[in-house]
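Colleague: Chain by chain, the residues:
Number of protein chains: 2
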Amino acid sequence: MKAESGYNRTENKKRERTYQAKTDRGEATRQKLLLAAEEVFGEKGFHGASIVEITLKAGVAQGTFYLYFPSKETIFEELVRELNHDLRREISVGVSGAKNRQEAEERGFQIFFAFIKEHRNLYRIVQEIQFVDEELYKWYYSKFAEGYIEGLEKAMAAGEYRYLDPETVAYAMIGVAEFLGMRWVLWQKEDIPPKALSAALELIMGGVLPRQ
Amino acid sequence: MKAESGYNRTENKKRERTYQAKTDRGEATRQKLLLAAEEVFGEKGFHGASIVEITLKAGVAQGTFYLYFPSKETIFEELVRELNHDLRREISVGVSGAKNRQEAEERGFQIFFAFIKEHRNLYRIVQEIQFVDEELYKWYYSKFAEGYIEGLEKAMAAGEYRYLDPETVAYAMIGVAEFLGMRWVLWQKEDIPPKALSAALELIMGGVLPRQ
Chain A
1 MKAESGYNRT ENKKRERTYQ AKTDRGEATR QKLLLAAEEV FGEKGFHGAS IVEITLKAGV
61 AQGTFYLYFP SKETIFEELV RELNHDLRRE ISVGVSGAKN RQEAEERGFQ IFFAFIKEHR
121 NLYRIVQEIQ FVDEELYKWY YSKFAEGYIE GLEKAMAAGE YRYLDPETVA YAMIGVAEFL
181 GMRWVLWQKE DIPPKALSAA LELIMGGVLP RQ
Chain B
1 MKAESGYNRT ENKKRERTYQ AKTDRGEATR QKLLLAAEEV FGEKGFHGAS IVEITLKAGV
61 AQGTFYLYFP SKETIFEELV RELNHDLRRE ISVGVSGAKN RQEAEERGFQ IFFAFIKEHR
121 NLYRIVQEIQ FVDEELYKWY YSKFAEGYIE GLEKAMAAGE YRYLDPETVA YAMIGVAEFL
181 GMRWVLWQKE DIPPKALSAA LELIMGGVLP RQ
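Chains as they are written, first to last, in this note's numbering: chain A, 1 to 212; chain B, 1 to 212.
Check the hints yourself; a few may be wrong.
[As the list claims (entries may be wrong)] Just some of the chain B residues that point at chain A, by a computed CB distance under 8 Å:
| # | residue |
| --- | --- |
| 1 | Ala61 |
| 2 | Thr64 |
| 3 | Val176 |
| 4 | Ala196 |
[Said to hold, decoys possible] Derived DSBU-like pairs: lysine-lysine, alpha-carbon spacing no greater than 30 Å straight-line:
| # | chain 1 | residue 1 | chain 2 | residue 2 |
| --- | --- | --- | --- | --- |
| 5 | B | Lys99 | B | Lys44 |
| 6 | B | Lys99 | A | Lys143 |
| 7 | A | Lys195 | B | Lys143 |
| 8 | A | Lys44 | B | Lys195 |
| 9 | A | Lys72 | B | Lys32 |
| 10 | A | Lys189 | B | Lys143 |
| 11 | B | Lys99 | A | Lys44 |
| 12 | A | Lys117 | B | Lys143 |
| 13 | A | Lys143 | B | Lys44 |
| 14 | A | Lys154 | B | Lys195 |
In short, the hints are calculated from the structure, not lab data. Even glycine gets a Cβ: it sits at the ideal position worked out from N, Cα and C.
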């Protein structure tokens, strides 16, 4: 894999470490700061956001912030990591009981749209990453692609899906989800309409199911 | 259509007006400024870019800038409009001779990937629009979607494609193109590999062609 590759596995590993606080109370404060950061970064953008505003919104003394995060960059990175982790976990739990890959795909899409509805600021935050930390931006999407590729490879090996380059299918599907979420959940501030969800699923299943 | 709708047609119409200079020489200067702006915005981002740097790169006196654009915001908007217009025109010319919709789809994708290779800064610029002017961001994608929807409706009416909500298909396809372009052309700094292009086209055609 070349140096300018899409992502860097060592980098990914480094980013996997968790920064959990040592006590429950500490963890609660850390979560309060992350929640406030999600709001402030989402509304003001990275450059417009300030640590003062984050601590005010979290109801935490400014000095306390630095017990958890050395800088605005660090809390931004942690927030991105947590949102990525939470969304992947929700999808993984949600699709685990699906009776086949088609049902898993459907549930995965629904969970994604429900998640971004609850975390409207996610789009702004994710798209701003590239202007703050480009490697983190690549990491964000390649983390999703990794899990997706695994699921696709299994479905292809089992003959549930026809064989198409799995990485291409993974990025294509992520693109579909992101753009439909943007069009309806973000712009229209409403749930994705049933006709759009069903059209998207028919489109995808037509693309990946074996030819009759 | 609600007020918070995806885009606003009146706004779109307003944005359609052209700001062409009155003389050929004036138009050449304007184009030099836009070309320099594309580089500077792409490298520095909107906030990091300065009018001084744009005029230096264009080899134009600073005062001249204001004969063409009243502000940094204006040249940014003009640049976005021109890139959008040029890309749509290239696709439209490129697909006009296609013998069927499938060939048109294939050419459209190839032209899109070739265009972003020539305009690498396009991604950064487009994704930064939402932090500068959110309506312009919606306009950028809805302009593409409009043309795509028209083509899809024709193909569906002619029975070339099966019927699936055309707006959903349009945004889904734009998402596929953007994410594959991001993964390879932008991150990998190379052409999209033939296996990815063919997988994407098979995926899409499987999704849109009538069921056998």
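Colleague: For every hint, state whether the structure bears it out.
Modeller: Verification of the supplied hints:
no.: 1; hint: Ala61; verdict: violated, 30 Å
no.: 2; hint: Thr64; verdict: violated, 29 Å
no.: 3; hint: Val176; verdict: holds, 4 Å
no.: 4; hint: Ala196; verdict: holds, 4 Å
no.: 5; hint: B/Lys99 / B/Lys44; verdict: violated, 43 Å
no.: 6; hint: B/Lys99 / A/Lys143; verdict: violated, 40 Å
no.: 7; hint: A/Lys195 / B/Lys143; verdict: holds, 22 Å
no.: 8; hint: A/Lys44 / B/Lys195; verdict: violated, 41 Å
no.: 9; hint: A/Lys72 / B/Lys32; verdict: violated, 38 Å
no.: 10; hint: A/Lys189 / B/Lys143; verdict: holds, 20 Å
no.: 11; hint: B/Lys99 / A/Lys44; verdict: violated, 49 Å
no.: 12; hint: A/Lys117 / B/Lys143; verdict: holds, 25 Å
no.: 13; hint: A/Lys143 / B/Lys44; verdict: holds, 27 Å
no.: 14; hint: A/Lys154 / B/Lys195; verdict: holds, 20 Å
Going down the numbered hints, you'll see the structure goes against 1, 2, 5, 6, 8, 9 and 11, while the others check out.
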